[in-house]
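Protein chains in written order, with the numbering used here: chain P, 1 to 235; chain V, 236 to 602.
A hint or two may mislead.
What the hints assert, rightly or not - From the structure, some residues in chain V lie toward chain P, with a derived Cβ separation under 10 Å:
no., residue
1, Val456
2, Leu468
3, Phe473
4, Gly524
5, Trp579
6, Arg580
7, Ala583
8, Glu587
The hints are simulated quantities; they were obtained by calculation from the structure and are not laboratory data.
Just so it is clear, CB atoms sit at the ideal spot from N, CA and C, and this is done for glycine as well.
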Amino acid sequence: MAALLEVQDIHTFIGQFHILQGVSLEVPEGSITALLGRNGAGKTTTLKSILGLTPPREGKVIFLGEEIGGRRAYEIAAMGIGYVPEYRAIFTGLTVEENLRIAERRKGDLKRKADFIFTLFPDLKRLYRLPGGQLSGGQQQMLAIARALVPDNRLLLIDEPSEGLAPILIQELMGAIRRLSAEVTVLLVDQNFQMTSRLADRYFMIEDGRTVRSGAMADLLNEPDVIRRYLGAVI
Amino acid sequence: MEKTGFPLWLRRHWPGLVILTLMSLFPFLAGLAMGDPAAVPPEIQGVGRVLALAETGRAKFWQGMVIQMFILAVFAMSYDLLLGYTGVISFGHAMFFGTGGYVVGLLVKHAGWSAGAAVGVLLLVALLQSLMVGALSLRVKGVYLAMVTLAFAEFFYILAEATDFRQYTGADDGLHGIYPPPFLSPTDHRTRFYFLALVFFLTMYLAARRLVNSPTGRVMVAIRENEARAAMLGYNTFVYKLVALVAAGVMAALAGALNAFFNLGVTPSVLSVATTIDVLAMTIVGGAGTLTGPVLGAAIVHLLGYWLNRLFGQTWVLLFGVTFILIVVFLPYGIVGTVQARSWRWRAVWRERWRRIKEGRKFPLPS
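Chain P on its own, in the form it takes in the complex:
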């Protein structure tokens, strides 16, 4: 299976801090790949480096066979990468409809995707005309994911979607991510190992800005020591 996205040994600096010191990963098409690691390991920075928001100084980012390192963020996004940032990054001053419509890359995107989006997140239909700022945390998270589904994205980068959500909402969110992964490839970052371990097929583990392990999620689940050591999680 050819990799949709390939990250080869990237080094990223924020100010003078050497945050990523050699992250490599591969996201095969049609999969959910999890990016694991403790707080501060460099997961979000990896996503931002892929997107060109914090461009890597060294290494390569290859998407659809093209080197995209060094391109502008909006150009990378327009190639078909959707980003769902952490902290429910919606536009609070725009209505639910406007939040979705603004994500259109071609006219009619929203019309074509509306049914799919409302099947995943039925709440959004009911809240269509409300300003995003009046939605609850869970609803805002749904909207943030829905927004990334409006254009024809090949890859979604989803950062900490379960953060601050009630367990029942996490269940709903997991269902939605599983269903949307039938249409689009996902690179998922989440602290909630229970969730990522059930969703993802493959994983890459980062520690101190370096990729330290990778493989099939099923194999990782057989190694409780590794999980405890790198993630502090118990399964």
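Dock chain V against chain P, hints included.
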């Protein structure tokens, strides 16, 4: 039954239509109420008398006040396209306003051009100027952007004050004798100029509304909220900011041109940072991020300035400062902004409650 077509349009727009009607009747009402009957020959009667009264006494003065409000309102709306809608803090907006005045002034007075041709050229000049300033300044953000735009504005201010060009610009005395076509003279035909200003204001308001309600306008709002997020949706945010700056620059330049025609001249003070601060105050008082806010803000600041000045003389600035602080403290989103923010919530809550009552279900509201 949902209303459609004209009834729906009327229901949505009646407040605006009422205000527009009042604005259109204002010169005549003012003429009847405040005109100087002694100044109109008694043989003129009927409609002619009302028209003539509007050109006399305090009726004429108050038309002038409202004309200035229209001009300032357009200037403030243009500033709000940047500050309120796109989140670009420019400290150089007076540059465009002043450029409008000086370009038409130089062309009309020194080149002998007609007012119409001068305004035509001004459109081009303002377009080029705002493109150039935008292309250079929008590369930086926040305070740095404010400083770069301030530097540009100061450049033009110094240029207008420079004694080297006194024969053209009048240096610190300003450029005087900028006459519009005689039939629109603000001294002889104040009411006609009033309607010119009203039509200008209305056109600019509708144009601005068209822009902010367009897909481009939504991207501008998205940039204001979070530029990186807007970029992540695939938008070249620089281009959108440039569009906002050019629209704002051209609008401000046109307002500046009308201002020069109304005052029959222009002085370097229109290019000063004080002019930018004024327009910033108008926008913030009225409510940044709305179009009616800056309009209301312009009217309030202009009227308040006039009355405070009349009542308290030189100390009016101090009192105005206190009023401004009070407004900012108690109406953090400006007058229109605060009312809108509260009514939005209020309306949304009631709409939701009503829907649930109709469905016969009772759930707590999403918060």
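To see whether the hints hold, each was checked on the structure:
Hint on V/Val456 holds. Least Cβ distance to chain P is approximately 6 Å, under the 10 Å limit. With a least beta-carbon distance of about 5 Å to chain P, the hint placing V/Leu468 at the interface is held under the 10 Å criterion. Because the beta carbon of V/Phe473 sits about 9 Å from the nearest beta carbon in chain P, less than 10 Å, this interface hint is met. The interface hint given for V/Gly524 holds, since its Cβ lies 7 Å from the closest Cβ of chain P, which is under the 10 Å cut-off.
Below 10 Å, beta-carbon pairs count as interface contacts, and V/Trp579 has one with chain P at about 7 Å; its hint therefore holds. A least Cβ separation of about 7 Å between V/Arg580 and chain P falls short of the 10 Å threshold, and the interface hint therefore holds. With 10 Å as the threshold, the beta carbon of V/Ala583 comes within range of chain P, its nearest partner Cβ sitting at about 6 Å, so the hint holds. Taken as an interface hint, V/Glu587 checks out: its beta carbon lies about 8 Å from the nearest beta carbon of chain P, inside 10 Å.
When held up to the earlier numbered hints, the structure conflicts with none and fits them all.
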